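Here our numbering is used: the first residue of the sequence shown is 1, the next is one more, and so on.
It is worth saying that the hints were derived from the structure and are not from the lab.
It cannot be assumed that every hint is accurate.
Unchecked claim - Restricting the straight-line Cα-Cα distance to at most 20 angstroms, the calculated cross-link-like pairs of lysine to aspartate or glutamate (DMTMM-like) are:
no.: 1; residue 1: Lys229; residue 2: Asp197
no.: 2; residue 1: Lys224; residue 2: Asp183
no.: 3; residue 1: Lys207; residue 2: Asp219
no.: 4; residue 1: Lys45; residue 2: Glu15
no.: 5; residue 1: Lys229; residue 2: Asp27
Unchecked claim - Listed next, with one range per pair, are the computed distances between beta-carbon atoms:
no.: 6; residue 1: Asp183; residue 2: Thr46; range: 38 to 44 angstroms
no.: 7; residue 1: Lys53; residue 2: Asn167; range: 35 to 41 angstroms
no.: 8; residue 1: Asp12; residue 2: Ile115; range: 37 to 43 angstroms
no.: 9; residue 1: Tyr37; residue 2: Thr107; range: 32 to 38 angstroms
no.: 10; residue 1: Thr13; residue 2: Asp64; range: 18 to 24 angstroms
no.: 11; residue 1: Tyr182; residue 2: Pro104; range: 17 to 23 angstroms
no.: 12; residue 1: Asp64; residue 2: Lys112; range: 18 to 24 angstroms
no.: 13; residue 1: Thr107; residue 2: Glu65; range: 16 to 22 angstroms
no.: 14; residue 1: Asp140; residue 2: Asp183; range: 33 to 39 angstroms
no.: 15; residue 1: Asn167; residue 2: Ala76; range: 17 to 23 angstroms
no.: 16; residue 1: Ile228; residue 2: Asp72; range: 36 to 42 angstroms
no.: 17; residue 1: Tyr9; residue 2: Lys90; range: 23 to 29 angstroms
no.: 18; residue 1: Asp64; residue 2: Tyr182; range: 18 to 24 angstroms
Source: prediction; values computed, not measured.
Heads up, the beta-carbon is just placed ideally off N, CA and C, and yes, glycines get one too.
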Amino acid sequence: MKLGMPQLYEFDTIEENLILAKELDLDFVELNLNFGYCRSEMEAKTIAELLKKYNMEATLHFYDEADLGSYDEVVAAYLTLLDRYAKLGKGYIKQINMHMIPGPVVTISGVKNYIYEKEYDVYINRLITNFKKAEKICNDNGINMVIENTDNIPAYMKRVYKDLYNNGFRFCYDIGHDSLSYDIVYEVNSELNLPFDEFHIHDGTRKKCHLTLGEGEIDIKKFKELAIKNNAYVVLEVKQKGDLLASVPFFNNL
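Please put together the full structure from these sequences, using the hints given.
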């Protein structure tokens, strides 16, 4: 298991993140393409030297809104971006994290109905095809790809997980998101023993997540043991410095 932190909103440079990670004796930082300063520093080709300077590794979080189950024209744009940043990260990005998004919603009499669920056969074929394209882009650049659960996912995503598992994909388990989803991923994992190469660990309740470890209701120790079993990258995904300063010793002392 390797322990890391997310790139922080409160900072303005990658180096600030690496300094904090070094201070906390972490192994890596998960860079985030949603932040302009991540994209600009990747494009400036300065990050590899910074990682060497601080003896640190890096993973990369792809755009939050990238829905690879969407229409071809939409997905093509995201695959172009993925190709661009995978090539820029070749040699220092260890893995890229992609969201699995439940898609457009139609609310009828207060009940959410998911278009992808209604059109499942067409949707899942498109999703698998596009994730395979994304995985090839990553692998061609020496990068592993993992697929992360978003928050409040609907029950039909159990079927999606099973189909992705059967097609050989690997996963990132966000335990806070799963708590908001009433443990859908945990239930699927109990049946299939999903291959998790990354964990996003933060505390939470059934209503909110990304809390400092110890401030919520999640059994963090249980998931630490699962991460160790999977020899995974673990991002302590609290989103500010103060929360990390409290969460890292909490995690290490479990």
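Results for each hint:
1. Lys229 <-> Asp197: holds, 10 angstroms
2. Lys224 <-> Asp183: Given pair Lys224, Asp183 holds - Cα atoms ~16 angstroms apart, limit 20 angstroms.
3. Lys207 <-> Asp219: Cα-Cα ~16 angstroms, so holds.
4. Lys45 <-> Glu15: At roughly 13 angstroms apart (the allowed maximum being 20 angstroms), Glu15 and Lys45 satisfy the hint.
5. Lys229 <-> Asp27: holds, 18 angstroms
6. Asp183 <-> Thr46: 38 to 44 angstroms: holds, 41 angstroms
7. Lys53 <-> Asn167: 35 to 41 angstroms: holds, 39 angstroms
8. Asp12 <-> Ile115: 37 to 43 angstroms: holds, 39 angstroms
9. Tyr37 <-> Thr107: 32 to 38 angstroms: holds, 36 angstroms
10. Thr13 <-> Asp64: 18 to 24 angstroms: holds, 21 angstroms
11. Tyr182 <-> Pro104: 17 to 23 angstroms: holds, 22 angstroms
12. Asp64 <-> Lys112: 18 to 24 angstroms: Cβ of Asp64 to Cβ of Lys112: about 20 angstroms, so the range 18 to 24 angstroms holds.
13. Thr107 <-> Glu65: 16 to 22 angstroms: holds, 20 angstroms
14. Asp140 <-> Asp183: 33 to 39 angstroms: Because 35 angstroms falls inside the window, the suggested range holds.
15. Asn167 <-> Ala76: 17 to 23 angstroms: Hint holds: Cβ distance 21 angstroms, inside 17 to 23 angstroms.
16. Ile228 <-> Asp72: 36 to 42 angstroms: This hint holds: roughly 40 angstroms between Cβ atoms.
17. Tyr9 <-> Lys90: 23 to 29 angstroms: Since the Cβ atoms of Tyr9 and Lys90 sit about 26 angstroms apart, the hinted range of 23 to 29 angstroms holds.
18. Asp64 <-> Tyr182: 18 to 24 angstroms: The hinted range 18 to 24 angstroms holds for Asp64 and Tyr182, with Cβ atoms some 22 angstroms apart.
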